[in-house]
Amino acid sequence: MTEHNRTTLVGVAGGSASGKGTIVDRLLVHYGERASVLRMDDYYRPIGQIPRDADGEPNFDEPGSLDLERLAGDLDRLRAGEDLHIDSYTFNQPGVQSQRLHIPACPVVFLDGLFLLHDEGVRERLHLTVYIHATPETRLARRMARDQAERSLTPDIIQYQWDRHVRPGDLAYLEPVSHLADVSVDNDRPVEADLSKVHEAIDALIQS
1 MTEHNRTTLV
11 GVAGGSASGK
21 GTIVDRLLVH
31 YGERASVLRM
41 DDYYRPIGQI
51 PRDADGEPNF
61 DEPGSLDLER
71 LAGDLDRLRA
81 GEDLHIDSYT
91 FNQPGVQSQR
101 LHIPACPVVF
111 LDGLFLLHDE
121 GVRERLHLTV
131 YIHATPETRL
141 ARRMARDQAE
151 RSLTPDIIQY
161 QWDRHVRPGD
171 LAYLEPVSHL
181 ADVSVDNDRP
191 VEADLSKVHE
201 AIDALIQS
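Take the sequence shown: its position 198, counting from 1, is numbered 198 in my numbering, and each next residue is one higher.
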């Protein structure tokens, strides 16, 4: 693969329910067949290997809950122009079967994930990074709606995870490195202007 048809890796980070997935979906529409997406969620370890909190509950907001070494290796393969075939993550929902996913090494591949700025091995493999900002209040409201509808969690469980896992993880692993992002998006307001900045940064890379 020549430099002119390389795969450009664009990481989109941000806290839980900040709108990473929604922003990535809009970017995928914009770039069409030139883009694909890799979700960091699909690198969660089996439930028995997830770190536990003081009450013995699994904490998915710790970097150790993800196989980031395997992710870094897969990013190397994408950079080399190799397609990926990986198993989807089921969020431990009973009766939900994992699916085999094909991630083509398109001109642009988006990586959507919590810890892509925190983990140096992942961060250094990305050509461009974006951080999605949203207030904790906005994110908690979104997470309440999403996790009840999509993951069959009760409000009490969602609030427990937010207080014990999500917010401590924000403060320990996400907010201290958010300044490392090449582009910031404020998802508490209309994002069109910020998305234009993302488009410009990506276009400059793929046209260089």
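Just to be clear, a hint being listed does not mean it is correct.
Claimed, not checked - Label pairs and their computed distance ranges (CB to CB):
id: 1; residue 1: Lys-197; residue 2: Ile-157; range: 28 to 38 Å
id: 2; residue 1: Gly-56; residue 2: Arg-34; range: 37 to 47 Å
id: 3; residue 1: Gln-99; residue 2: Arg-77; range: 31 to 41 Å
id: 4; residue 1: Arg-26; residue 2: Asp-87; range: 34 to 44 Å
id: 5; residue 1: Asp-55; residue 2: Ser-196; range: 38 to 48 Å
id: 6; residue 1: Glu-192; residue 2: Arg-34; range: 36 to 46 Å
id: 7; residue 1: Arg-77; residue 2: Asp-188; range: 13 to 23 Å
As the list claims (entries may be wrong) - Only pairs whose alpha carbons sit at most 20 Å apart, straight line, appear in this in silico EDC-like list of lysine to aspartate or glutamate:
id: 8; residue 1: Lys-197; residue 2: Asp-182
id: 9; residue 1: Lys-197; residue 2: Asp-25
id: 10; residue 1: Lys-197; residue 2: Asp-186
Think of the hints as simulated: they come from the structure by calculation, not from any bench. Predicted, not measured: the structure shown is a model, and the values here were computed from it. Idealized CB from N, CA, C, for every residue including glycine.
For the pair Arg-26 and Asp-87, does the Cβ-Cβ distance stay inside 34 to 44 Å?
violated, 26 Å
Holds or violated: Lys-197 and Asp-182, Cα atoms, limit 20 Å.
holds, 10 Å
Honestly, do Gln-99 and Arg-77 meet the 31 to 41 Å range at C-beta?
violated, 20 Å
CB of Asp-55 to CB of Ser-196, is that within 38 to 48 Å?
The hint (38 to 48 Å, Cβ to Cβ) holds, given that Asp-55 and Ser-196 are roughly 45 Å apart.
Taking 20 Å as the top limit, are the C-alpha atoms of Lys-197 and Asp-186 close enough?
OK: Lys-197 and Asp-186 at ~12 Å, within 20 Å.
Given the proposed pairing of Lys-197 with Asp-25, does the C-alpha separation stay at or below 20 Å?
holds, 16 Å
Could you see if the CB distance from Lys-197 to Ile-157 stays within 28 to 38 Å?
Since Lys-197 and Ile-157 have Cβ atoms about 37 Å apart, the given range 28 to 38 Å holds.
Just to be sure I understand the hint, the distance between the Cβ atoms of Arg-77 and Asp-188 should be within 13 to 23 Å; is that true here?
For Asp-188 against Arg-77, whose Cβ atoms are near 36 Å apart, the range 13 to 23 Å is violated.
Gly-56 and Arg-34, beta-carbon distance inside 37 to 47 Å?
holds, 46 Å
Quick check: does the Cβ-Cβ distance between Glu-192 and Arg-34 fall within 36 to 46 Å?
Roughly 20 Å apart at Cβ, these two residues miss the hinted range, so it is violated.
In terms of the numbered hints stated before, the structure departs from hints 3, 4, 6 and 7, listed from lowest to highest.
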